[in-house]
Each structure stands twice: as structure tokens, then as C-alpha cells.
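> Please model the complete structure; the sequences and the hints are all you need to start from.
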Amino acid sequence: MEQTFFSEPIQNKGIRNTTLVWFSLSLVLFLVPAAFGFLMRSIQGNLLQDSHHLFYHFLTSHGLLMVGIWFTSAMALLTFSLSKYVKPRVGMYIVSLSLIVVGALMSLWAVFIGDMATGWYFLYPLPMRIGTATGRIVFLSSIGVLGVGWLLWSIDLLLAIAKKYTLPETLGWHYIFGESGREVPPIIMIAVVSLIAIIVCILIAVILLLLYLLEIASSVVNDALLMKNLVFVFGHTVANMNLYLVIAVFYEYFPKFGGGEFKNGRMLAIVWNSVLGIVLFAYFHHLYMDFIQPTVVQYIGQFASYGAGVAAATFTIFSVLAFVSTHKMNWNFSSLLLFISVAMWTIGGVAALIDATIPVNFKMHNTLWVPAHFHTYYFTGAATMILSFMWTIACEVSGAGEQPWMKKFLLPLLLAGASGFLLMFYFGGLHSIPRRYEVYPVELSEGTAYAKAAAYSILLFFAGYIVFMGMVLKRFLRGMKT
Amino acid sequence: MKAATLSAVLIFFLAASVSAQTDEEKKFLYREVPDVSIQLLNRRASLLAFCKEEPTIISLAYSRCAGICYPFLLTLRDNLAEAEKEEKKFRVLIISFDEKDTQENMQTMAGAIHPQNTSRWFFGTIERSQIKTFTQAVGFTFTLDSLSGQLNHPPIVIGVNGDGTIVRIVKKFDISNNELWQVYHEIEDEFVPFYKENIATSISCFTYDSRKGKFIVSWGMLLLYTPAILVAILVWRIFSIKKIAGVQK
Ligand code: HEM
Ligand SMILES: [Cu+2]
Numbered sequence: 001m002e003q004t005f006f007s008e009p010i011q012n013k014g015i016r017n018t019t020l021v022w023f024s025l026s027l028v029l030f031l032v033p034a035a036f037g038f039l040m041r042s043i044q045g046n047l048l049q050d051s052h053h054l055f056y057h058f059l060t061s062h063g064l065l066m067v068g069i070w071f072t073s074a075m076a077l078l079t080f081s082l083s084k085y086v087k088p089r090v091g092m093y094i095v096s097l098s099l100i101v102v103g104a105l106m107s108l109w110a111v112f113i114g115d116m117a118t119g120w121y122f123l124y125p126l127p128m129r130i131g132t133a134t135g136r137i138v139f140l141s142s143i144g145v146l147g148v149g150w151l152l153w154s155i156d157l158l159l160a161i162a163k164k165y166t167l168p169e170t171l172g173w174h175y176i177f178g179e180s181g182r183e184v185p186p187i188i189m190i191a192v193v194s195l196i197a198i199i200v201c202i203l204i205a206v207i208l209l210l211l212y213l214l215e216i217a218s219s220v221v222n223d224a225l226l227m228k229n230l231v232f233v234f235g236h237t238v239a240n241m242n243l244y245l246v247i248a249v250f251y252e253y254f255p256k257f258g259g260g261e262f263k264n265g266r267m268l269a270i271v272w273n274s275v276l277g278i279v280l281f282a283y284f285h286h287l288y289m290d291f292i293q294p295t296v297v298q299y300i301g302q303f304a305s306y307g308a309g310v311a312a313a314t315f316t317i318f319s320v321l322a323f324v325s326t327h328k329m330n331w332n333f334s335s336l337l338l339f340i341s342v343a344m345w346t347i348g349g350v351a352a353l354i355d356a357t358i359p360v361n362f363k364m365h366n367t368l369w370v371p372a373h374f375h376t377y378y379f380t381g382a383a384t385m386i387l388s389f390m391w392t393i394a395c396e397v398s399g400a401g402e403q404p405w406m407k408k409f410l411l412p413l414l415l416a417g418a419s420g421f422l423l424m425f426y427f428g429g430l431h432s433i434p435r436r437y438e439v440y441p442v443e444l445s446e447g448t449a450y451a452k453a454a455a456y457s458i459l460l461f462f463a464g465y466i467v468f469m470g471m472v473l474k475r476f477l478r479g480m481k482t
Numbered sequence: 001m002k003a004a005t006l007s008a009v010l011i012f013f014l015a016a017s018v019s020a021q022t023d024e025e026k027k028f029l030y031r032e033v034p035d036v037s038i039q040l041l042n043r044r045a046s047l048l049a050f051c052k053e054e055p056t057i058i059s060l061a062y063s064r065c066a067g068i069c070y071p072f073l074l075t076l077r078d079n080l081a082e083a084e085k086e087e088k089k090f091r092v093l094i095i096s097f098d099e100k101d102t103q104e105n106m107q108t109m110a111g112a113i114h115p116q117n118t119s120r121w122f123f124g125t126i127e128r129s130q131i132k133t134f135t136q137a138v139g140f141t142f143t144l145d146s147l148s149g150q151l152n153h154p155p156i157v158i159g160v161n162g163d164g165t166i167v168r169i170v171k172k173f174d175i176s177n178n179e180l181w182q183v184y185h186e187i188e189d190e191f192v193p194f195y196k197e198n199i200a201t202s203i204s205c206f207t208y209d210s211r212k213g214k215f216i217v218s219w220g221m222l223l224l225y226t227p228a229i230l231v232a233i234l235v236w237r238i239f240s241i242k243k244i245a246g247v248q249k
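These protein sequence lines are chains A and B, in that order. Take 1 as the starting number for the first sequence in my numbering and just add one per residue. Take 1 as the starting number for the second sequence in my numbering and just add one per residue.
Calculated directly from the structure, the hints in this document are not laboratory data. Since the structure is predicted, the reported quantities are computational estimates derived from the model, not experimental observations. Glycine included, every Cβ here is placed at the ideal spot set by N, Cα and C. Any given hint could be a false lead.
Said to hold, decoys possible - Partial chain B-side listing against chain A, Cβ under 10 Å, derived:
1) F206
2) P227
3) A228
4) L230
5) F239
Stated by the list, open to error - Simulated crosslink set (DSS-like; lysine-lysine; CA at most 25 Å straight-line):
6) K84(A) x K242(B)
7) K228(A) x K214(B)
8) K242(B) x K214(B)
9) K163(A) x K52(B)
10) K263(A) x K132(B)
11) K256(A) x K13(A)
12) K85(B) x K87(A)
13) K172(B) x K163(A)
14) K256(A) x K408(A)
15) K214(B) x K88(B)
16) K13(A) x K88(B)
17) K228(A) x K26(B)
18) K164(A) x K242(B)
19) K52(B) x K87(A)
20) K84(A) x K13(A)
21) K164(A) x K243(B)
22) K84(A) x K214(B)
23) K84(A) x K228(A)
Stated by the list, open to error - Pairwise CB distance ranges, derived in the manner of DEER restraints:
24) F28(B) x R129(A): 19 to 25 Å
25) S218(A) x S37(B): 41 to 47 Å
26) S98(A) x Y30(B): 49 to 55 Å
27) F28(B) x S98(A): 51 to 57 Å
28) I233(B) x H53(A): 20 to 26 Å
29) S119(B) x Y299(A): 31 to 37 Å
30) K132(B) x W109(A): 26 to 32 Å
Written as C-alpha cells, this is what we have:
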């Protein structure tokens, strides 16, 4: 290997092996919700006739598992990368991961056996109306178990950081106020901002779950609007933070491909402090259609969405472009994939902002535009960034490099598959095809055609992914032995 | 101390969430009033046809009532006087569910209530065999007290729009002005957000005063934003732990 990025984290055997075990598990686990995704598009494309009754089970489980897996992988990647600067506890790391695996299995049980096909954010009152009584309890408990796992983990990471840095330092206040102080790498600052927001989200989820339990255990009827607010502060923000966790790592490692580094500074500190300030208000864009929300809240949602998105995304993309054009980049499989995924993150972000604009939302709300944009920044953005880092780590732990054909054939294959799949969502959105439809009525027959094309693209992606997964797993295994 | 405050807050929420509005009433909404025949002072008509002429507020009462009927109708009269000032076009129909009531009794009752705008208030009886049909259609139940011969019954206000469709049913003695306001606006097919009134069924972020069109922030807001405050405290606590020797400058 020409250069090693992760040499310090790799030295830490406990953290390294725990990370590698989770990464391996996640690569395989990913195939489950990915297969559900393929099955959904096949049902919508009339390629599959017999499993229609399972569409909403697939939909729910797909969303939950995908968010669960990639959120956890982002946390694992962050923990691994942070161990260069601070010392997270291996014990807590393992406990959290185990809780998360249990939670994920419980959710699978609840959806398929307990019939809780509510959609991944289980909008009230759906969980009270469908599924079996046990399914309901297991479903809500699975969210609880996942939450506890993430909560313990986040607190442990913050503790590790707190042992070395003060709070104002980590938030970069000395940069903002132009005071002298110790240098704080962006990864620390972005991680702290994200972890704080994540802990808030988890506490909100706890309240949400308690309200559900209250309704199950007594005759209390919850307020639907409050429940919707709660579920979206939690769901929207957790998904959003998932991206930021990865961006934290990205700031640390992407510049290394050009032999440079992203230094912390005043602008960056201002951007991430303002993200911390407004990120909890952005979720209101999920409630534009709820006319009963006070109008002022809708405007707050509009501006907070722009604020949180534009600040972080634009700043990042400009930094990346400026960096790439001024440095001699080592364009290998990882760095290319990383660059593409930042681009996808931005494209998805722009598509999101378009939809978060109130007049546009009146047209686009709940069309396939929604899965189009969030798959762009989540799947081809955040998840793909994690995959590129996995590849770098796999090469470094095993000492085996990459073959030239990977850049020439594997990358285009993965890209072609993924973008074909995404484009079909966008086309659907532009033709007002609704999301979450099991089969499209004749009036929307374009939807069926798009779904069919998407299903074939997904197969293309799978072909590339299986090869990639095999290569990564082989390297991880070798790495764990050393 | 902390635990005490917390449980006090929790108890408050639990108490506030005991349901005050009934789903029961919603079951009878958005259906046509039953087509029973009614007898008014100098007119015999079908109730449905009567309601289709103009939006109607119906209340049930009986003339020899020694209980809530008179005080209830008197309050209703006073509260509706305000609506009449707004020049609303609805009519008020008081019908008896007592088999023993006659047209004369009901006119005596009208005299006792003595509404200002007599041309818009109607007092009458329902065809005896159809009393049950009507009361069942609006979820109104009453029982005969065999000792006193009185009928035990709840107060009721039924809002029917100009299509003869029941759009609101309110069954309580102290109907707030807000609730009444909603009734007489909705029966004229004005858009009235069907959201909670000041009395919440459970914890919510805000309540809506439909009369003033104003939102009132309520306890649920706390639920949304206390976690942020708690976490601020938690994070501050986390960062006040001892730093590893040597790294702190
Ligand atoms: C192989 C890759 C993937 C495929 C084939 C796929 C496919 C799909 C399909 C077909 C839907 C339903 C669209 C509809 O509403 O009609 C969907 C929804 C969804 N997907 Fe994916 N997806 C993939 C990757 C991901 C990733 C990586 C994530 C997140 C990290 C993700 C998160 C979600 C979520 C949250 C939903 C919404 C579920 C709901 O509406 O309740 N997907 N996906
Ligand atoms: Cu009475």
C-alpha cells in the first residue's frame, strides 16, 4: 500500500476487530432489506404475482433495516476513526452492537410474524390498528432496544471525547470568536454536533414509545398531530444525522487522497454550530400537508430545511471541489466512489430542498420523488461513502491492494445499476406516481413500466455488489487474523 | 426533588389526557336526519324536508320537565342571541321526545322560553311511533323514572346543514360559546377545522380557539422540546468529567 490512512485505529485491536465483525455482518445483512427492495419493485412492476400481500411488510422492514444497518455502520465507522484521537470503550461498543442486532431481529419478527406492516416510521394511529397484540409490543420494544443501543453508544463516544476536549473546544467556539486555542479536527466537531442531536432524538423516541404504551395499557387516546410531530423529529433527524456522522469521517479522510487535510476554521465552526441550532426544526417539512399546524411553524420548517441543508451540503461540496482542483488526487476505487457519493449526496440534497419548498411540496408530496431523493443521498450518498471507507479499511488491514479492473468495470457496473434504479424513482415522481403503492392502477401505468425497469437495474447493482462484498469480506477475514 | 417534579408533571399529563370528548358522538355524524314527520304550530312536515329548507339547530326537550330542559333551553337562547346578531340564517327547532306532549304543551313551552326572534324558533312534536327512530339516529337515550314519571335524559344540540346532513352533535349542559360557535358556523357550510377545543382529549402541542382563529400553545410543546433541554444538561455534565492528565493545556 502506498499510504495508510487508518494506521492508528488499526493498532487498536479491540476496536478494530469489533468494527470488522460489524462491517462484515452489515454487508451480509444489507442483502435482506435490499432483496425486499427488489421484491417491492418487482411487485409494482407486475413481475411477481404471488407476494402482493407482503408488499407493506417488505416496505416496513426494508425501511427499518436499512436505516438501522446504515446508521449503525456510520456509528461504527465514526468510532473506528475517532479512536485515532480518543479512546471509546470496547465493552460498550460490543454491548451496543449486540443490542442493535437484537433490536433488528425483533423488528423482523414483529413485521413478518406480528403483521406490523405500518411503514418504517409507524405513523400514529397505524400501530394501534394493524398487527397482532404481541406484534405491536414487540415492534415498539424493538425500536426501544435499538434506541438504547444507540444511546449508550453515543454517550460513550461523547465521554471519550470529553476526556480530552472541553465542550467549547469541540464546538469550535474559539475559532468563531477568534481566540487562540488548541486545534480541533473537524471530525471531532461534526461528531459532537451529530451525537448531541442523536441523543435528543432518542429521548424523543422514548417519549413517543411511552405515549404508545400509555394508549395500549389504558383508554387514553393520543393526539395524532403530537404523535406525528414526535415521530418526525425522531425519524427525520436520525436519518439526517446518519449522513452527518459519515460526513464527519469524510472530512478527516477524503483530503488524504490528495495528501492534504481539511482544517477546522471559523466558517466551518459557524456552519456546524448553526446546524446544531436549527436541525431540530427542519423536520416540520414533513408536516406541510397538516393544515392544522400553525402557519408560522410551516415557515420555520421551510427556512430550517434550507438552513440545515444548504449550510452543511454547500459548504462541503465547495470545499471538496476546491480541494480536488488544487491537489493531485490519487483517484483509486475508494476516492472515486467517495467523490461520486458526495456528488450524489448533493444531488439528493438539492432534490430534497426542491421538495421541501412549500408550493412544490403541494405537487410532489408523497410521490416517488420522495424515495428518489432520499435514496440518492442515503443509498448512493451516505451508504456508498461507508462502502468506500470499508474498502479502504479492508485493503489496509489485509495489506492487499485493489485490482485495476475494479475501477474500470466494477465501479461503472455498480453505478449503472444504482442510477438506473434511482432514475426510475425520479421519472415516477415527475409523473406524479404516488409512493408506497403496491400496484399502480391503469391510469398510472407508466409507474408499472418504471418499476419493471428499476427491478432490472437493481439486479445489475446486485451483480456488482456481490463481487464487491466478497472481496471486502475476504480482506476483513485476513485482517482479523493479524 | 427531581423525581418529585417529574412525577408531578407526569401525573398532570395523565390527568389531562383522560378523554373528555366522545367517539360515540362521531358515529352519528355525516348522515341525513331521519325522515320522520313532525308537527309544528300550524304546519305538518317531514323533518328532512324541513331541514333542507335552511340549516337547523335541533334540540330535544319535553314540556313537563322538572330537570335540565328549561335551564338548558334558556341558556341556549341567550347564547344563540349572539349568533343572531351575526345575522346567521339558521333556524332552531325544539322537538319533544315525550309521547305525552301535545302541540299545545309545546307552545306553552315556547312561551316560557320566549326567544327574541320568534320567527326562527320552532317548537313541535314528532309522530309518536317515530320518536325512537329519531332518538336512535342521533344517539340520544332517555329512561323513564317510574316514581316521578320524569324522563331522565342528557341535553343535546344537533347541527344540521342545509342538505339535511348532521354535522355536529354536542351533548353537554355547559356548551361553551366556542362549541356553539362551531355548530352554527359549520351548519352554514363554513370551514371549521375539526380540531380539539380547549378541553383536550390528550396531551397536544396546542389547542385552537376557533372563534378567534387563534392557536394556544399547550403542554405537548414541552414534550417536543424538553428532550433538547435535558440533553443540553446531560452534555454539559458529560463534558465536566476529569480530563486525562496531560492533554488539558
Ligand atoms: C438495493 C438498494 C435499495 C433498493 C432496491 C431499495 C428499494 C426501495 C423501494 C422499492 C422502496 C419503496 C418505494 C415506494 O414507496 O414505492 C423503498 C423505500 C425505502 N427505502 Fe429503499 N432501497 C434501497 C436502498 C435503501 C437504503 C440504502 C436505504 C437507507 C439507508 C433505504 C431506505 C428506504 C426507506 C426509509 C424507504 C421508505 C419506507 C417506507 O415508505 O416506509 N433504501 N426502497
Ligand atoms: Cu328535561
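> So, for every hint listed, does it hold in this structure?
Structure-based check of each hint:
no., hint, in the structure
1, F206, "7 Å, holds"
2, P227, "4 Å, holds"
3, A228, "5 Å, holds"
4, L230, "6 Å, holds"
5, F239, "4 Å, holds"
6, K84(A) x K242(B), "20 Å, holds"
7, K228(A) x K214(B), "21 Å, holds"
8, K242(B) x K214(B), "50 Å, violated"
9, K163(A) x K52(B), "76 Å, violated"
10, K263(A) x K132(B), "81 Å, violated"
11, K256(A) x K13(A), "23 Å, holds"
12, K85(B) x K87(A), "74 Å, violated"
13, K172(B) x K163(A), "62 Å, violated"
14, K256(A) x K408(A), "22 Å, holds"
15, K214(B) x K88(B), "22 Å, holds"
16, K13(A) x K88(B), "80 Å, violated"
17, K228(A) x K26(B), "22 Å, holds"
18, K164(A) x K242(B), "9 Å, holds"
19, K52(B) x K87(A), "77 Å, violated"
20, K84(A) x K13(A), "13 Å, holds"
21, K164(A) x K243(B), "6 Å, holds"
22, K84(A) x K214(B), "54 Å, violated"
23, K84(A) x K228(A), "40 Å, violated"
24, F28(B) x R129(A): 19 to 25 Å, "22 Å, holds"
25, S218(A) x S37(B): 41 to 47 Å, "45 Å, holds"
26, S98(A) x Y30(B): 49 to 55 Å, "52 Å, holds"
27, F28(B) x S98(A): 51 to 57 Å, "53 Å, holds"
28, I233(B) x H53(A): 20 to 26 Å, "48 Å, violated"
29, S119(B) x Y299(A): 31 to 37 Å, "48 Å, violated"
30, K132(B) x W109(A): 26 to 32 Å, "51 Å, violated"
The earlier numbered hints that this structure contradicts are 8, 9, 10, 12, 13, 16, 19, 22, 23, 28, 29 and 30.
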